[in-house]
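Construct the complete structure from the given sequences, taking the supplied hints into account.
Protein chains in written order, with numbering that gives the first Met the number 0: chain A, 0 to 383; chain B, 0 to 383.
I should point out that these hints are in silico values taken from the structure, not numbers from a laboratory. Built from N, CA and C at the ideal position, the CB exists for glycine as well. It is possible that some hints are incorrect.
[As the list claims (entries may be wrong)] Derived CB-CB ranges, DEER-like:
| no. | chain 1 | residue 1 | chain 2 | residue 2 | range |
| --- | --- | --- | --- | --- | --- |
| 1 | A | THR27 | B | ARG41 | 28 to 34 Å |
| 2 | B | GLY117 | A | ALA222 | 16 to 22 Å |
| 3 | B | ALA281 | A | ASP258 | 37 to 43 Å |
| 4 | B | GLU371 | A | ALA89 | 54 to 60 Å |
| 5 | B | ASN190 | A | GLN45 | 39 to 45 Å |
Chain residues, written in single-letter form:
Protein chains: 2
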Amino acid sequence: MRRVIYLDHSASTPVDARVLEVMMPFFTEYYGNPSGMHAQARASAQALDRSRWEVAEILGCKPKEIIFTSCGTESNNLAIRGVAFAAARAGKGRHIITSACEHSAVTQTIAQLCEHFGFQQTVVPVDRWGMIDPADVERALRPDTVLISIIYANNEVGTIQPLAEIGAIARAHGIPLHTDAVQAGGYLDLNVDRLNVDLLSLSGHKFYAPKGVGMLFVREGVALLPQQTGGGHERGRRAGTENVPYIVALAKALKLAHDMRPTENERLARLRDHLIQGVQTALPDAQLTGHPTERLPHHASFVIPGVEANALLMYLDMAGICAASGSACHTGIAEPSAVLLAMGIPRQLALGALRLTLGRSNTAEDIEMVLEVLPAAVRQLSAL
Amino acid sequence: MRRVIYLDHSASTPVDARVLEVMMPFFTEYYGNPSGMHAQARASAQALDRSRWEVAEILGCKPKEIIFTSCGTESNNLAIRGVAFAAARAGKGRHIITSACEHSAVTQTIAQLCEHFGFQQTVVPVDRWGMIDPADVERALRPDTVLISIIYANNEVGTIQPLAEIGAIARAHGIPLHTDAVQAGGYLDLNVDRLNVDLLSLSGHKFYAPKGVGMLFVREGVALLPQQTGGGHERGRRAGTENVPYIVALAKALKLAHDMRPTENERLARLRDHLIQGVQTALPDAQLTGHPTERLPHHASFVIPGVEANALLMYLDMAGICAASGSACHTGIAEPSAVLLAMGIPRQLALGALRLTLGRSNTAEDIEMVLEVLPAAVRQLSAL
Chain A
0 MRRVIYLDHS ASTPVDARVL EVMMPFFTEY YGNPSGMHAQ ARASAQALDR SRWEVAEILG
60 CKPKEIIFTS CGTESNNLAI RGVAFAAARA GKGRHIITSA CEHSAVTQTI AQLCEHFGFQ
120 QTVVPVDRWG MIDPADVERA LRPDTVLISI IYANNEVGTI QPLAEIGAIA RAHGIPLHTD
180 AVQAGGYLDL NVDRLNVDLL SLSGHKFYAP KGVGMLFVRE GVALLPQQTG GGHERGRRAG
240 TENVPYIVAL AKALKLAHDM RPTENERLAR LRDHLIQGVQ TALPDAQLTG HPTERLPHHA
300 SFVIPGVEAN ALLMYLDMAG ICAASGSACH TGIAEPSAVL LAMGIPRQLA LGALRLTLGR
360 SNTAEDIEMV LEVLPAAVRQ LSAL
Chain B
0 MRRVIYLDHS ASTPVDARVL EVMMPFFTEY YGNPSGMHAQ ARASAQALDR SRWEVAEILG
60 CKPKEIIFTS CGTESNNLAI RGVAFAAARA GKGRHIITSA CEHSAVTQTI AQLCEHFGFQ
120 QTVVPVDRWG MIDPADVERA LRPDTVLISI IYANNEVGTI QPLAEIGAIA RAHGIPLHTD
180 AVQAGGYLDL NVDRLNVDLL SLSGHKFYAP KGVGMLFVRE GVALLPQQTG GGHERGRRAG
240 TENVPYIVAL AKALKLAHDM RPTENERLAR LRDHLIQGVQ TALPDAQLTG HPTERLPHHA
300 SFVIPGVEAN ALLMYLDMAG ICAASGSACH TGIAEPSAVL LAMGIPRQLA LGALRLTLGR
360 SNTAEDIEMV LEVLPAAVRQ LSAL
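As structure tokens, then:
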């Protein structure tokens, strides 16, 4: 594959070489099933334990509060279905509060609970920056509310929510707060006590671990009905032979991201700001989406009038630039993003969404190249 | 780690070097999210498509009938919960038929459906070889039966079930048949039409792909309520970014196992028969568990009077032999296996279970070593 400028890190990242290195021995050298009772099994079990400790240290929680999963989507599903079914069983109610800027792994899971299992939801709105007002969450509370699920940082527009404030409200009312921290992982503080959260989902491939591994923090005492049953893995909360290589990888990748965070976030934010400024100078009609300051450091997103996102992505792709629209564009059907619509962006404008998410490999030269190609692309497509 | 004789292939296998080779580029070179719209994404999406075709060819099904999952346990969970909830929703009933020799991924999933969601089950018995009588399955059918779930080959005793006969009965009554083929994968015929099955679960790490990837065949027309919701991945039946490296690995590993099967099964069966004969000669009280002929080619399992399984495993481990008891021994608490009890083996005897499962690396010398160490171990432990 020729050298491309990869600006789709919110969709997936390459595996870091240092992560790959610690993962590799678990494919062919230490391959025992951690549930076994022999040298091979012990090597796997020890790696699993160590990884759990490492992750717990970064989250500021107990190792036993960590459940390793197969991805961020599974983590979100387990958190929501697990808490909802356990609470309903305990007679606590069937009402869930969520927001208008969640990932589909949250919205679709709550939708299924409502459609098939008698649950109800309240969706709190977002402002024009995609920001939630904590007071709206408090107003949505009902006596039968059993869960609040609020995204930490949005995948399409990068806006960071006031999670600790929402968590304080949740705590005051004794309702567990889950956060989809998939996009925040690797970039923002993940300390579960500072964030006031009771459940927190992460996905490895957003911070340079492989696709196919995730993690769910569940605070001790939060009741959860397992969604994958079988052997007693993960303290009976998630059955299935543990994916030892990827779990080792996730722990290493999280530690690396945590350690690199101060300097790398600053570097990324500088590149991102240069990119945003450059786009707005070259394309005065382009509108930044998401919050101007409370946003992920690597995340630049726009809506561009008169341009259809898929056409723009194809143009950029041909020029060697990997970008995204932020909406589910892979079907080739142009559907405006529900998050952008919730932010009050008109339907037609929302079809011109562009998301550029930076990462470790990106340099100032990459940004210059984008600032050269993108305006030309927009002008050419607008002229059609 | 010093050289060990690994005889726990039913618990997990090392990743084959040829599998590793095709998997590696997808960590660092082709790392795009297959849902994206650029060169990186396309490379991933194409590998995913190709893998689906390769697996479908071996199963004799359509590519779109394959759902990639995170493990065999997830496949079993999705098959059972997915069909059960969809059928209940359609008003067809809430009765499930299963057997007394299933893996916990099946038994625990049905148990949760019964305990939390109003389902009922009939468990058909097994004979002293762990074999199911298809007539018992037919007798268990009720007007509200919505699913039959029968294991293909048992993990503890290796017995192969008369699946095609059971499938013919299921088909005659219009009830979908699911099979947990996790232990059969790599060793037995997986053609879904010859087997008469409607759903079939596989797990990659049982046939030299990594731990953390599985697959579920769902015949076209079988209704399934998704158990992991979010993006539209896997045709809306299993949300979550696809684990491209492991999916590529699973397809390659399945193809290799399929191609090697005729010669490798013969080689393994010869070693296994030598092992079984040797154990029975040296330890006349040891009793082979499972069917004497209708069993997996790499699978030898025994109960040994007067011996406690965990103690024996520790002894073997110290001698460099990795073995299993076949029961959930990893907690250190000696619990007799439900499958062995269902086969009529007395509780005390069932505590002395030993499972030796062979694989590609094992040689005739390994077997000689086991036949030297094992009888000495049993005599020493019996004397305690």
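Structure-based check of each hint:
no. : hint                              : in the structure
1   : THR27(A) - ARG41(B): 28 to 34 Å   : holds, 30 Å
2   : GLY117(B) - ALA222(A): 16 to 22 Å : holds, 20 Å
3   : ALA281(B) - ASP258(A): 37 to 43 Å : violated, 56 Å
4   : GLU371(B) - ALA89(A): 54 to 60 Å  : holds, 57 Å
5   : ASN190(B) - GLN45(A): 39 to 45 Å  : holds, 41 Å
The structure does not agree with numbered hint 3 stated previously, though it agrees with all others.
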